[in-house]
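Build the full structure now, drawing on both the sequences and the hints.
All residue numbers for the sequence shown refer to the working numbering, where the first residue is -1 and numbers rise by one.
Derived by calculation from the structure, the hints in this document are not laboratory data.
Hints may be right or wrong, so weigh each one.
Unchecked claim - Distance ranges between label pairs, derived from CB positions:
(1) Asn156 x Tyr65: 34 to 44 Å
(2) Thr70 x Asn22: 44 to 54 Å
(3) Arg104 x Asn158: 46 to 56 Å
(4) Gln33 x Ile157: 45 to 55 Å
For each residue, glycine too, the CB sits at the ideal point set by N, CA and C.
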Amino acid sequence: YATGHDITEHSVLIHEYYSREAHNPIHLTVDTSLQNSRMSIKAYVSAPMGVPGKTMGVMFTPLTVKYVYYDTERIGVDLIMKTCFSPNRVIGLSSDLQQVGSASARIQDTLSMVLQYAEDVLSGKVAADNTVGRFLMDLINQVPKISPEDFETMLNSNINDLLMVTYLANLTQSQIALNEKLLSL
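Have a look at this one:
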């Protein structure tokens, strides 16, 4: 691990040290200076090069880096990123309703971009990309096909279930309150 946007002579020394401890270690660089306005993370493996018995060196081969995280980690990182745009660098947690609103706004922005891309392809402004077309078709095929009548029936039954649970919860609270009053007599 090293901070910086590229491999340096220090990276070689660090990698040499860890090569003694672990077979074929991965060297990770994290650009904390944000050279391209983002924190780039790169990974490398090394391969020895040079003339045997003479000067030897190390050649770093880049690896593909895939970011994997849990939803809770993503929420934390998003919250930290919001402080960059706050004048006093302090920001509070948003409510559930605000999170739903911001997620809906992001979905709407993404759908607008996709719609604009599709219109540009249809008008001939942009060349069609088969990979993007297949991806969009797969997304459309994943959307469940429900008739409006079935959707309304499901929605009404869920609302009825919710109302029944609310009624039972209120009834239970009343029963507990009555029981406490009777016991205190």
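Status of the hints after comparison with the structure:
no., hint, result
1, Asn156 x Tyr65: 34 to 44 Å, "holds, 36 Å"
2, Thr70 x Asn22: 44 to 54 Å, "violated, 32 Å"
3, Arg104 x Asn158: 46 to 56 Å, "violated, 32 Å"
4, Gln33 x Ile157: 45 to 55 Å, "holds, 53 Å"
Violation of the numbered hints given earlier is confined to hints 2 and 3; the remaining hints are satisfied by the structure.
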